[in-house]
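As a plain string of letters, each chain reads:
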Amino acid sequence: QVQLVQSGAEVKKPGASVKVSCKASGYTFTSYHMHWVRQAPGQGLEWMGVINPSGGSTTYTQKFQGRVTMTRDTSTSTVYMELSSLRDEDTAVYYCARKRGTTPIDYWGQGTLVTVSS
Amino acid sequence: DIQMTQSPSTLSASVGDRVTIPCRASQSISSWLAWYQQKPGKAPKLLIYKASSLESGVPSRFSGSGSGTEFTLTISSLQPDDFATYYCQQYNGYPYTFGQGTKLEIK
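Residue numbers (our numbering), protein chains in the order written: chain A, 1 to 118; chain B, 1001 to 1107.
Treat the hints loosely; a few may be bogus.
As the list claims (entries may be wrong) - Dumping the calculated EDC-like pairs for lysine to aspartate or glutamate here, alpha-carbon to alpha-carbon at most 20 Å:
#, chain 1, residue 1, chain 2, residue 2
1, A, K99, B, E1055
2, A, K63, B, E1070
3, B, K1050, B, E1070
4, B, K1042, A, E10
What the hints assert, rightly or not - Output of the computed footprint for chain A on chain B, the stretches with three or more beta carbons under 8 Å from beta carbons of chain A:
#, stretch
5, 1046 to 1059
6, 1062 to 1070
7, 1094 to 1100
Treat the hints as calculated values from the structure; they're not laboratory data.
Every residue, glycine too, gets a C-beta built ideally from N, C-alpha and C.
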């Protein structure tokens, strides 16, 4: 069965960086793009960007350009999302989620809580 | 960027009610719209894709309609398990965007 298993919760200080992992199983890793979506406490869903695990190409929303980097390791079927220069308002649950072609995002990871606090 | 608008942000209803949740796009997205259900502490769950296609395993009381800029999620007869927050999302092009969500509460 399809599984997206994310790394555990993180606590970071303002200005630091965080790297969240998402390990995929149960399907062909390179056949699905991996998206990252975050959700601040009590708030809605915010799309951050996407990586194509096949070639590694990425698209980021303008809000995070320059602060976010998405990478992948095809040998372990894992994608990573690194967010730098963390601010208090980056406190959120970060989700990875897969999508292919014209189909919608269908499977989501369990989420990783990142807390930014001095 | 395409803005997705959901209103109201909170909807009160009773078990057995028929409920409609609207979603509007700031420009045409054809039928590239999905609906997700989210419960507290959980990841979103796909209900509807391509505006009106029911995801496998989702109860048939859920349905979607619309195209272009106006969309609706309908729950034909609310069940206790349906009280949750619902999000629409456009996937017509990057950046993908979500509506603000509609929280369905028990009246």
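Verification of the supplied hints:
Among the hinted pairs, K99/A with E1055/B is consistent with the structure: their alpha-carbon atoms are about 14 Å apart, no more than 20 Å. A distance of roughly 26 Å separates the Cα atoms of K63/A and E1070/B; the hinted pair therefore is violated under the 20 Å criterion. Among the hinted pairs, K1050/B with E1070/B is consistent with the structure: their alpha-carbon atoms are about 13 Å apart, no more than 20 Å. A distance of roughly 18 Å separates the Cα atoms of K1042/B and E10/A; the hinted pair therefore holds under the 20 Å criterion.
Against chain A, the stretch 1046 to 1059 of chain B contributes 4 residues with a C-beta closer than 8 Å to a partner C-beta. That satisfies the three-residue criterion, and the hint holds. Here's how the stretch 1062 to 1070 of chain B fares: 0 of its residues keep a CB closer than 8 Å to some CB of chain A, so the rule of at least three is not met and the hint is violated. Coverage of the stretch 1094 to 1100 of chain B by chain A holds [criterion: at least 3 residues with CB-CB distance below 8 Å; count 7].
The structure shown violates the earlier hints numbered 2 and 6.
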